[in-house]
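Protein chains in written order, with my numbering: chain R, 168 to 497; chain W, 1018 to 1260; chain X, 3 to 271.
Here are a few chain X residues that sit away from chain W, every Cβ distance over 12 Å (derived from the structure):
{"hint": "1", "residue": "His49"}
{"hint": "2", "residue": "Asn54"}
{"hint": "3", "residue": "Asn55"}
{"hint": "4", "residue": "Asp89"}
{"hint": "5", "residue": "Glu94"}
{"hint": "6", "residue": "Val98"}
{"hint": "7", "residue": "Pro117"}
{"hint": "8", "residue": "Gly144"}
{"hint": "9", "residue": "Ala155"}
{"hint": "10", "residue": "Ala236"}
With a straight-line cut-off of 27 Å between C-alpha atoms, the simulated DSS-like cross-links for lysine-lysine are:
{"hint": "11", "chain 1": "X", "residue 1": "Lys132", "chain 2": "X", "residue 2": "Lys119"}
{"hint": "12", "chain 1": "R", "residue 1": "Lys270", "chain 2": "W", "residue 2": "Lys1158"}
{"hint": "13", "chain 1": "R", "residue 1": "Lys258", "chain 2": "W", "residue 2": "Lys1257"}
FYI, nobody ran anything at the bench for these hints, they're computed from the structure.
Bear in mind the structure is a predicted one, so any value in this text is a computation, not a measurement.
Glycine residues also receive a C-beta, built at the ideal position from the N, C-alpha and C atoms.
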Amino acid sequence: MIASYSIKDVAFSYSYQPVLMINTLDIPASSVIALVGPNGSGKTTLLHLLAFLITPQKGSFSFFGAKVSASELIRLRRRVGLLPQNPYLFKCSVLENVAIGLKLRGFSRREARKMAIEGLKKVRMEGYESRWPNSLSGGEAQRIALARTLALNPEVFLFDEPANHLDLESVKRTEQLILNLNRNKKKTVIFTTHNLSFAQNLTDFVIHIFQGQVVPTAPYNLFRGQIQHGGKIFDASAVQFDISKTTGRGTCLIVDPTKISISTQEEFANLPNAFHGRIISLSLLRDVVKIEAFAGEKFEIHAPTSSDITSLRIGREIWLHIGPNAITLV
Amino acid sequence: MFSIYKVSQRSSTLQFLLDSFHEAFLLLLHLDPEVFQIVWLSITVSFWSTIFSASIGIPVGALLALKDFRGKSILLLLLNTTMAAPTVVIGLFCYVLLSRIGPLGSLGLLFTPSGMVFGLFILATPIAANLSVAAIESLDKRLMLTCELLGASPVQQFWLVIKEARFAVMAAVVIAFGRIISELGIAMMLGGNIRGFTRTMTTAIALETSKGEFELGLALGFVLMAVALFINGLLFLVQKEHS
Amino acid sequence: MKNLSRFVCVVVMLLAFSSIGLCETRLRMSTTTSTENSGLLKVLLPHFEKENNLKVDVISVGTGKALKLGENGDVDVVLVHSRPAEDKFVSEGFGVGRRDVMYNDFIIIGPKNDPAKIKDLKSATAAFKKIAEAKALFISRGDDSGTNMKEKAIWKTAGIMPKGPWYIEAGKGMGAVLQMANETNAYTLTDRATFISYENKTDLVILVQGDKSLFNPYGVIAVNPKKRPNVQYALAKKFIDFITGPEGQKIIADYKLNGKQLFFPDAKK
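For reference, chain R alone in the conformation it holds in the complex (with noise of 0.2 Å):
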C-alpha cells in the first residue's frame, strides 16, 4: 500500500496554544477519507496542513514517500486541490475564477480557458462563464469553487465540510461526486464533516479529532448547545449544566465519564449539575456504560463502570452527579 500521506510525531500550534498534535496517521493513496469531530477540535487545521498551507513546527510529514520541505511548499500546494468550507470567489468573471489555479500553474490562458469550461461542465454551470460572482446564489458560488478545484485535477482532494448547509439532493450529488473521483480516477479524498453517517455512507474509513489529537473512537458525552444566561448555563436541549466554574467558550461540552457519580437512590438534590431520570436503555462498552434515560427529554450518557453498575435496571429511577471538574468547553 502507498500512503499519500504519513505523519509521525507532528504537532502544530498557533502561538504555543497546541492546536494539533498527531502521534501516527497514514493515509493510503486513492483512499476515501472522513475526518469527524467537534468543531474546534482541529478538522480544518489538519486540512490545511495537508494541503501545505501550514508546516508542522516538529515531527515528519512525508506526502507520498518524499518528506515535506519549507522550500518545496507551492509545489506541493500545486499537487492538492483544498475546496474550503466557505470558498472566496475573485472579483472577475466565473470562467476567469476557475482558470485562476491553472494560469497560476503555468498553463496558456487558452488551456487554462479550455480545461476552466471542462471544469464548469462537470459542475452543470455552463453558461455561467461570464457572470461576476456578485451575480450568483451562494449555492451557484461554491458550485463554481467545486468547478475551480476539480479543474486543477490534483492528486489528492481536500473538501471543508462538503455536506454542509446542502439540501439531500445535493448531498447525494456530492457523494456520487467523491465516488466517482476516487472510483474512476483513483484520487486520494479526504473530507472534514460533523455528519457521521455521510462519512459512513463514503469512507475507506473515519478518522475521529478530538482537542487536536486522533482519537480511536468519537469521544464520549460530547453535549452540543448554547451557552445562556450570562455565560453561565450550558443549555444542550435535553440537558442544562452549570458551568460557573469552568472558563472559555465553546459550543461543545465533554464530560469525563469517571468523574460521574451515580445513584439509585434519592442523592445530589442540592448539588449543581445533579440530574434526575429514568433509564430507558443500558449497554456496556469496553469501559463504560452506556446510559440513555429520560428527564423530561431523552439524554444518553457514558457513566464509568467502576459504578454500582449491577444496580442499574431499565425502567429504575437513576440521580447523576457531575463535578465541576468534570467539564471541559471545546
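Please build the complex by placing chains W and X on the supplied structure of chain R, with the hints as guidance.
For chains W and X alone, kept in the frame of chain R given last:
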C-alpha cells in the same frame, strides 16, 4: 498728470460676479492658446507624477499591507504623517534637494516640468501607498488563503492581491491625481510659474488672482473642476460596471 | 473595459510625445513680481528670444528671493530693484557686472477720503509720519521684496517702528496687497507700474508722489560663474547687453499701459 481717480465700475457685487463668470466662459470658448498650453502642461505634469507615484506607492502599500515586520506600525505612522504634510513643506524640502547647491542640483531639475513631477511624486507617493494599504487591508480575509491554496507563489500572490483590490486602488490613484492637479505650493516652488514653460492651472490662478484678473483665474478654475470631474467620472463608470 | 484601456494607451502616447521638445536653450532669470505683472517682459523678451533662438524662463518672486535664487545658482541672471541688496549680492561675489536698466517710482496710495491727510505732501517720510500718527490702516508687503525694503527704509528715516493693529504685514505680492488695500480702504506703498495696471480695478488714488526718495531703479546682474559654475554666463551677458543696449532701452521707453509710460530707461553707456 499722475492724479487719477477711477469711479468704481461695479454697479453691484452680483454684477461683478456675473461679469467674471461671463468673461471666464468667453476665454474658454475662444480657446486661447496660452490657456490651452497651461491646461495641457497641468495635465501632462499631473499625469506623469500620478504614474510614477502609483507605480511606487501601490507596490509599497501592498507590501506594507501584506508583510509583517518590526517597525511596521511606525512606518505606517510616518506615512500617515507625510500624507498630512503641507505642500509648501514638501516643496521647500524638494527645493533644497533640487537647488543647484543642493545634492541633486547637478540634474538641473529646478524650474522645469520634470522638477515639478519630482516634487509632486514625493507628495503623492505616500497618498498612493496609504490608500493602497487601506484598500488591501479591507479585502476579504479569505483572499490570502485562497491564493495560497490555489498554489500562488509569493510574487503571483502579490499581483493577485493588487488585482483584487483594483477598484479601490484605482480610486486611490484618482485621489492622488486630484491632489496633484489641484496642488499649488510645490508647483510654484519647483516650477517657478514660468510663463509658457512651467505655468500650471493652479499657479496661473494664483498669479491672476494676485493681479486681480479674476476672469482668467475663474476660467482655469472651471477647467480644473472639469478635468477632476472627467477623471472621477471615468472611475465612477468603471466601478459601477462591476458592483 | 477594452475600449477604456485603448483610450488610456492613446493618452499615454500623446503625453509621451508632448514631453519631447522641452530640450532647448533656456536662460533663467529671476525678477520681481512688479516687472512680470507690468507686462513689460511679455514685450521685451520675445525680441531677445528670437534674435538668439532661445527661451527666457522668468521666475517672478520678491527681490529677496530673486537674489537668493541667484546666490544658489538656480538662475543665470537677476533683474531687481533694491540697490542695497544688489550691492550686497555683488560684494559677496555672487553677482558680476551689475548695470542700471531703467527706473520707475514708488507712490503712496490710499483711500480717496484720505483720513491721515497726506495728499500732496512732498515728502514720503512726512506722509508716513502722519499715517502713523493717525493710526490709519497701512498694508505692508512684509515679504522682503524691493518695495518692502524701500518701505522699511522710509519708516527708518521717519524714526518710526511701525507696530500695532493699523500696520498689517501681508506677506503677499504687490497685486494682492493692492487688492487688500482696496478692500480695507488702507494706505500702501506701491511701484507705479503695478498700480497703473491695476488702476481699473481699484478705488484707491495716488496721494504722494515725486519725492526723490521714492525713486525706484532697476538693475540687472549676472550670476558669477566663478561662484556657481553651472550658470550660463555668456547668455546672461548677452541678455544684459540686450536690455541695456539701444534696442532693449527703446522697447522699455515705448512700453505703455493704459496710455502711460511705466518705465524710464537709464542704462549708462
